[in-house]
Amino acid sequence: MSTARTAVTITHPVGLHARPAVKLTKLAKSFPAAIRIRGAEGAWVDAKSIVKVMALKLKSGTVLEFEAEGDEAAVAVDALRSLVERDFDEGAALHHD
Amino acid sequence: MTAPGNGKVGIVIVSHSPLVAQGAADMVRQMVGDDVPCAATGGNPAGGLGTDPNRIREAIEAVWSEAGVAVFVDLGGAEMNAEMAIEMLEGDRAGRVRICNAPVVEGAVVAATEAAGGAALDVVCATAEELSP
Numbered sequence: 001m002s003t004a005r006t007a008v009t010i011t012h013p014v015g016l017h018a019r020p021a022v023k024l025t026k027l028a029k030s031f032p033a034a035i036r037i038r039g040a041e042g043a044w045v046d047a048k049s050i051v052k053v054m055a056l057k058l059k060s061g062t063v064l065e066f067e068a069e070g071d072e073a074a075v076a077v078d079a080l081r082s083l084v085e086r087d088f089d090e091g092a093a094l095h096h097d
Numbered sequence: 001m002t003a004p005g006n007g008k009v010g011i012v013i014v015s016h017s018p019l020v021a022q023g024a025a026d027m028v029r030q031m032v033g034d035d036v037p038c039a040a041t042g043g044n045p046a047g048g049l050g051t052d053p054n055r056i057r058e059a060i061e062a063v064w065s066e067a068g069v070a071v072f073v074d075l076g077g078a079e080m081n082a083e084m085a086i087e088m089l090e091g092d093r094a095g096r097v098r099i100c101n102a103p104v105v106e107g108a109v110v111a112a113t114e115a116a117g118g119a120a121l122d123v124v125c126a127t128a129e130e131l132s133p
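Quick mapping for you: the protein sequence lines, in order, are chains A and B. The C-terminal residue of the first sequence carries number 97 in this note's numbering, and the numbering is unbroken. The C-terminal residue of the second sequence carries number 133 in this note's numbering, and the numbering is unbroken.
Since the hints were derived computationally from the structure, they do not count as laboratory data. Do not rely on the hints blindly, as some may be mistaken.
What the hints assert, rightly or not - DEER-style ranges, computed between Cβ atoms:
id : chain 1 : residue 1 : chain 2 : residue 2 : range
1  : B       : Ser-132   : A       : Ser-30    : 24 to 30 Å
2  : A       : Asp-78    : B       : Glu-129   : 30 to 36 Å
3  : B       : Gly-95    : A       : Glu-72    : 33 to 39 Å
As the list claims (entries may be wrong) - Calculated from the model, a selection of chain B residues having no Cβ within reach of chain A, i.e. all distances over 12 Å:
id : residue
4  : His-16
5  : Gly-77
6  : Met-80
7  : Glu-83
8  : Gly-91
Stated by the list, open to error - Chain A side only, calculated, beta carbon under 8 Å to chain B, not exhaustive:
id : residue
9  : Val-22
10 : Lys-26
11 : Pro-32
12 : Arg-36
13 : Arg-38
14 : Ile-50
C-beta: ideal position from N, C-alpha, C; glycine also.
Bound-form chain A, shown alone:
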């Protein structure tokens, strides 16, 4: 059983708000590994739970950590980190928020 862990800073100006939270959990669910997420060294929550991820209400500048355990753990944390680094692919949508 492999474990992988990564940390990334949220650069999206609005932070981990509703739409990014939806994208993040959808991506997390696409991997078989168990994945946890926490912000600013707070409590770990299930990264596949949309309710729990939204409730984190993490702001821009917060350090986000992912930890995955199981199949494709390393691929999963890499993909999630990349999504956060890409500002959740929301560059064009920001002006409408």
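Given the structure of chain A, go ahead and fit chain B onto it with the hints provided.
Showing chain B alone in chain A's frame:
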């Protein structure tokens, strides 16, 4: 209205106001995408605020798949009319339709996120109901 039949749990949004129902469905589509069938209904047949069992039944049928349908309602009468609509469904469909005890907008978005991942009806509803204290 998104095409049904992809085996994912469908979402139906029922509000006394057609604008509220439509707006909530728009949020589902923009935030979660078009891969989850989602229908909205609101207003009474006279064009005023209210809900109508026939329209709710049509909305459920529009998003129907064997995976079932999660229904979100706003105020009292909406829930009663949704229950009537479910009773009006053909065959054993009623057993695969659930009215979720969750806020309409947040519940529908959260449920659609779960449904998009292929979750079963029970899981979709349970996740939305986590929102209610």
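Hint check:
Checked against the given bound of 24 to 30 Å, the beta carbons of Ser-132 of chain B and Ser-30 of chain A, roughly 28 Å apart, stay inside it. Taking the beta carbon of each, Asp-78 of chain A and Glu-129 of chain B are about 33 Å apart, inside 30 to 36 Å as hinted. Look at Gly-95 of chain B against Glu-72 of chain A: about 36 Å separates their beta carbons, and that is inside 33 to 39 Å. Every beta carbon of chain A lies more than 12 Å from that of His-16 of chain B, the smallest distance being close to 24 Å; the non-interface claim holds.
Consistency note on Gly-77 of chain B: stated as away from chain A, and its beta-carbon is indeed over 12 Å from all of that chain's, at 27 Å minimum. The non-interface label for Met-80 of chain B is consistent with chain A: the shortest C-beta to C-beta separation is roughly 27 Å, beyond 12 Å. For Glu-83 of chain B, the condition that its CB be more than 12 Å from all CB atoms of chain A holds, with the nearest at approximately 25 Å. No Cβ of chain A approaches the Cβ of Gly-91 of chain B within 12 Å, the least distance being about 31 Å, so the stated non-interface status holds.
Residue-level restraint check for Val-22 of chain A holds (minimum Cβ-Cβ distance to chain B is 5 Å; threshold 8 Å). The interface hint given for Lys-26 of chain A is met, as the beta carbon of that residue sits about 6 Å from the closest beta carbon of chain B, less than 8 Å. Using the Cβ-Cβ criterion of 8 Å, the hint placing Pro-32 of chain A at the interface with chain B is not satisfied: the shortest such distance is roughly 12 Å. Using the Cβ-Cβ criterion of 8 Å, the hint placing Arg-36 of chain A at the interface with chain B is not satisfied: the shortest such distance is roughly 17 Å.
At a threshold of 8 Å, the smallest CB-CB gap from Arg-38 of chain A to chain B is about 18 Å, leaving the interface hint violated. Interface hint at Ile-50 of chain A: satisfied, since its Cβ lies 5 Å from the closest Cβ of chain B, which is below the 8 Å cut-off.
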